[in-house]
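Student: Residue numbers (our numbering), protein chains in the order written: chain D, 47 to 337; chain W, 146 to 301.
Don't take every hint at face value.
Partial list, derived from the structure: chain W residues whose beta carbon lies under 8 Å from chain D [claimed, not checked]: (1) Gln-153; (2) Arg-168; (3) Gly-191; (4) Asp-206; (5) Leu-209; (6) Val-210; (7) Val-213; (8) Glu-214; (9) Ala-278; (10) Gly-279.
EDC-like, lysine to aspartate or glutamate: derived pairs with alpha carbons at most 16 Å apart [claimed, not checked]: (11) W:Lys-301 - W:Glu-265; (12) W:Lys-289 - W:Glu-241; (13) D:Lys-207 - D:Asp-196; (14) D:Lys-99 - W:Glu-265; (15) D:Lys-207 - D:Asp-70; (16) D:Lys-125 - W:Glu-216; (17) D:Lys-99 - D:Glu-59; (18) D:Lys-99 - W:Asp-201; (19) D:Lys-284 - D:Asp-251.
If you are wondering where the hints come from, they were derived from the structure by calculation, not from laboratory data. Since this is a predicted model, take the numbers as computed values, not measurements. We put the CB at the ideal spot given by N, CA and C, even for glycine.
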Amino acid sequence: MEPFDFVSPTTIEEAVKTLASAGDQARILAGGTDLLVQMRAGRRTAPLVVDIKGIPELNVLSYDASKGLTLGAAVPCYKIYEDETVAKVYPGLIDAAFLIGGIQIQGRASIGGNICNAAPSGDAIPAVIALRGVCNVAGPNGTREILCEDFCTAPGQNALKNGEILVSISIPAPQANSGANYLRFIPRNEMDIAVVGVGTSVQLDASGQNFVSARIALASVAPTPVFATEAGDSLAGKAVSEEAIQQASELAMAAAKPISDMRGTIRQRIHLIGVFTRRTLNIAIERARGG
Amino acid sequence: MPGVTHVQSTLNGEVINFLCEPRQSLLEVLRDVLGMTGTKEGCNDGNCGACTIILDGRIVDSCLVLGVEAEGREMMTIEGMASAEGLHPLQQSFLENAALQCGICTPGFLLASKSLLDQEPDADEGRIRHWLAGNLCRCTGYDKIIRAVMQVSTAK
Ligand SMILES: Cc1cc2nc3c(=O)[nH]c(=O)nc-3n(C[C@H](O)[C@H](O)[C@H](O)COP(=O)(O)OP(=O)(O)OC[C@H]3O[C@@H](n4cnc5c(N)ncnc54)[C@H](O)[C@@H]3O)c2cc1C
Ligand code: FES
Ligand code: FES
Numbered sequence: 047m048e049p050f051d052f053v054s055p056t057t058i059e060e061a062v063k064t065l066a067s068a069g070d071q072a073r074i075l076a077g078g079t080d081l082l083v084q085m086r087a088g089r090r091t092a093p094l095v096v097d098i099k100g101i102p103e104l105n106v107l108s109y110d111a112s113k114g115l116t117l118g119a120a121v122p123c124y125k126i127y128e129d130e131t132v133a134k135v136y137p138g139l140i141d142a143a144f145l146i147g148g149i150q151i152q153g154r155a156s157i158g159g160n161i162c163n164a165a166p167s168g169d170a171i172p173a174v175i176a177l178r179g180v181c182n183v184a185g186p187n188g189t190r191e192i193l194c195e196d197f198c199t200a201p202g203q204n205a206l207k208n209g210e211i212l213v214s215i216s217i218p219a220p221q222a223n224s225g226a227n228y229l230r231f232i233p234r235n236e237m238d239i240a241v242v243g244v245g246t247s248v249q250l251d252a253s254g255q256n257f258v259s260a261r262i263a264l265a266s267v268a269p270t271p272v273f274a275t276e277a278g279d280s281l282a283g284k285a286v287s288e289e290a291i292q293q294a295s296e297l298a299m300a301a302a303k304p305i306s307d308m309r310g311t312i313r314q315r316i317h318l319i320g321v322f323t324r325r326t327l328n329i330a331i332e333r334a335r336g337g
Numbered sequence: 146m147p148g149v150t151h152v153q154s155t156l157n158g159e160v161i162n163f164l165c166e167p168r169q170s171l172l173e174v175l176r177d178v179l180g181m182t183g184t185k186e187g188c189n190d191g192n193c194g195a196c197t198i199i200l201d202g203r204i205v206d207s208c209l210v211l212g213v214e215a216e217g218r219e220m221m222t223i224e225g226m227a228s229a230e231g232l233h234p235l236q237q238s239f240l241e242n243a244a245l246q247c248g249i250c251t252p253g254f255l256l257a258s259k260s261l262l263d264q265e266p267d268a269d270e271g272r273i274r275h276w277l278a279g280n281l282c283r284c285t286g287y288d289k290i291i292r293a294v295m296q297v298s299t300a301k
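Looking at chain W on its own, in the form it has when it is part of the complex (with noise of 0.2 Å):
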């Protein structure tokens, strides 16, 4: 019977240990061993999004990763995107725009706008539009949720 392993990685810039068997998922892993309840399940497939992490800079669904993939790994996960001076910008907008209803898919969203406006600061709609197809809502009907990073985005 297969057993425990250990993993050492870096969750939201502290170095973390825990154990997990290989058939855990990273979301299983961050939901269930380390308590982390911010990511989300949607599909566990693929085709949502609500998992989403950042996972050495990129972002992915960690319902198809493993949890013994993050040996030596950094990620990022939504708890890590509030600093101690207050929310992120993506945050704030979120709120200011009604981007969300029931927020199950709100993490994901955020984690995703926030690795494309790193690398693309002046993201236009097109692209914000393209590198979310990946993001499903069920609530909101996607426009606030565009309109939410738009308006973080310097392109003008």
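Okay, chain D solo, but in the shape it has when bound (with noise of 0.2 Å):
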């Protein structure tokens, strides 16, 4: 790697204060599971890195059953996955953590760096999105609130403003009768980059048999994250039905954008979508249910 300086703040303010001051000069490090990689390919270079992983509230992981779950932006998948009430409330993030890369990554990724990564293909940015969730900067004009599905602008590009960082992740405790879930399709078992990813999330009325309402948003088919409103909204006052899901499914793969690369071609991935949102949306079913 080129020679950087390292600087590890233990506040936001003192963060803020050097990124606004570096300006494009410095990169924030939480796991370094994709900067390390990057910056070691050549494909980001920076004079400055920032290690946010001492900052109190970047490792805040608490869920309280009125505001729901604070993720701070830099603690790793793997106490995300362990802890557990995290697991048993939110069992459609624990999908996503529990297959970002294998034991070894998952050491060190966050969330927080998964979405301020910006991939198409990152496991969390559906998850969050089908759970609501709302990413929470500080910058040097003070604080605000980004709604996941409005954080990643394009590939490696993200809503952040210079000085900026993600501080935590905040996802409301899921309602009555509510399920979600992720999954990607990828053609090894672990350790694979996602060729489509779906994650959705239900909420059904208290008979189980209805749909109240639906969030469905996908990964690696557009140069961000996409938001399929038009599918997860076909869901809501419907009844729990195949006929349903199948329009939904149809819905999500009609949102897809898909590029051909070495992983997928257009076809095979848009088909991918329609599958993988039946099996998602099956799953968040069954766990609304209590299943």
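Both chains are given apart, each in its own frame, so use the hints to dock them into the complex.
Tutor: Spelled out as structure tokens, the structure:
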């Protein structure tokens, strides 16, 4: 790697000040599983690396039945899936945290880093969008909130402005009779990049037979993660049926605008979005029914 | 020009001090600065697990950690696995099961397996295969490695 300076601030204020004065000369380091790979390959250069893991707010992992989940941006995946409460309340988030890389990568990789890296294939992003995740940002002008579906703006680009950092992700407490799931397609069992990924969440009525609402988000089928609103909204108010699920999956396929590359073709990807939307919806429904 | 930083951490139970540049990975520091060459470099990008070490109780790929990040932290490398009494049971089992050929992947597999069995002594085959998915071996075809770990696991 090219030489760089390294600082590890311990407060948000200090980090923001450092980043704001360094401008585009600085890069934030969380688990480094994207950043260090990119810097070594020369795809990113940074005269200054700012390690944000020493800031307490970025290491928070707390659940409260009224406030929901606060997930510090730097919390590594293993801490998320090894937390019994989080694992119980947010299985749809655990699905993603548990399949990013292998155990070594999960020892370092954060959900915050996954979102900020803004890869179209980032596994956590559709899962967090489906769960109504909100990104809490701090910067030179104070704090602001960005909906997760608005956070990624282009491959490798996000909505953060100069001097801003992602502090945490808030996920509301799940509504009654709700469930979520994230699945991806890869040709191996582990350690690969999603050919497609689909995250869904559903809320059913008390009978468990009708949709109240649903959210569907897609990975690896556009320059950014896709929030397929029409597909999700099509389920609202309908009875849970194969037909309704089929229709939603067709709308998800229509929202997918993939390219052909070494991992898959356009046709294969669109087909897979249909299959995986149906599969994840069925799992989310089962979870909503308490299964 | 960025200079060198002084880092203090614990390696295999001993407090150590070293100097490194921020751009040096922990893998480079271990091998080139500290002369601990048991930790291997395969891909240098997080895919092969040859550089696996245990950092504060969790396995990580040391090629994706900066040397300066070791400040105040505890590291265990393959050099710390055997004790004065002899080989670790996993090392013995790898020998008995011929779970290595060239040996480049072996330190990583041993530390990854140790971290699993320390946490879940009764890990079964499926769990072991899943846990070791971040370690690649070009020689053995994996089965002998899995068998060696299963022999030490208490799962029956
Ligand atoms: C072998 C391997 C396998 C992988 N497998 C997968 C996989 O299966 N699925 C998947 O989605 N990804 C995978 N990845 C990619 C990577 O591990 C994930 O994207 C991970 O979640 C990134 O998190 P991190 O904490 O390591 O981020 P870092 O590398 O530290 O940061 C990523 C980017 O986000 C920025 N950033 C980080 N934190 C903040 C913050 N708080 N505020 C502002 N900007 C910030 C950094 O500057 C950098 O540009 C893999 C990587 C490797 C090396
Ligand atoms: S050398 Fe670090 S994972 Fe391959
Ligand atoms: S023994 Fe040669 S790579 Fe595993």
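Student: Against this structure, judge whether each hint is valid.
Tutor: Here is what the structure says about each hint:
For the restraint placing Gln-153 of chain W at the interface with chain D, the shortest Cβ-Cβ distance is roughly 14 Å, beyond the 8 Å limit, so the hint is violated. Here the hint on Arg-168 of chain W is kept, as its CB sits about 4 Å from the closest CB of chain D, short of 8 Å. Because the closest C-beta pair between Gly-191 of chain W and chain D is about 6 Å apart, less than 8 Å, the hint holds. Look at Asp-206 of chain W: its Cβ gets to within about 5 Å of chain D, closer than 8 Å, so that hint holds up.
Against a cut-off of 8 Å between C-beta atoms, the interface hint on Leu-209 of chain W holds, since the closest Cβ of chain D lies about 5 Å away. Hint status for Val-210 of chain W: holds, given a least beta-carbon distance of 7 Å to chain D, under 8 Å. Taken as an interface hint, Val-213 of chain W checks out: its beta carbon lies about 5 Å from the nearest beta carbon of chain D, inside 8 Å. Interface hint at Glu-214 of chain W: satisfied, since its Cβ lies 7 Å from the closest Cβ of chain D, which is below the 8 Å cut-off.
Interface hint status for Ala-278 of chain W: upheld, as the beta-carbon distance to the closest one in chain D is roughly 4 Å, under 8 Å. At about 2 Å, the closest approach between the beta carbon of Gly-279 of chain W and any beta carbon in chain D falls short of 8 Å, and the interface hint on this residue holds. Proximity of Lys-301 of chain W to Glu-265 of chain W is assessed by CA-CA distance (about 13 Å); at most 16 Å being required, the pair is judged to hold. Only pairs whose Cα atoms come within 16 Å are accepted, and Lys-289 of chain W paired with Glu-241 of chain W is accepted, the gap being roughly 10 Å.
Only pairs whose Cα atoms come within 16 Å are accepted, and Lys-207 of chain D paired with Asp-196 of chain D is accepted, the gap being roughly 14 Å. At most 16 Å may separate the alpha-carbon atoms for a hinted pair to count; Lys-99 of chain D and Glu-265 of chain W exceed this at roughly 28 Å. Taking the CA atoms of Lys-207 of chain D and Asp-70 of chain D, the gap is near 10 Å; set against the 16 Å cutoff, the hint holds. Restraint check for Lys-125 of chain D and Glu-216 of chain W: not satisfied, since their Cα atoms lie roughly 21 Å apart, outside the 16 Å limit.
Between the alpha carbons of Lys-99 of chain D and Glu-59 of chain D the distance comes to roughly 14 Å, so the proposed pair stays at or under 16 Å and holds. A threshold of 16 Å between alpha carbons decides the hint, and for Lys-99 of chain D with Asp-201 of chain W the separation of about 14 Å falls inside it, so the pair holds. Between Lys-284 of chain D and Asp-251 of chain D the alpha-carbon distance is near 10 Å, which keeps this suggested pair within the 16 Å criterion.
Of the hints listed earlier, those the structure fails to meet are numbers 1, 14 and 16, in rising order.
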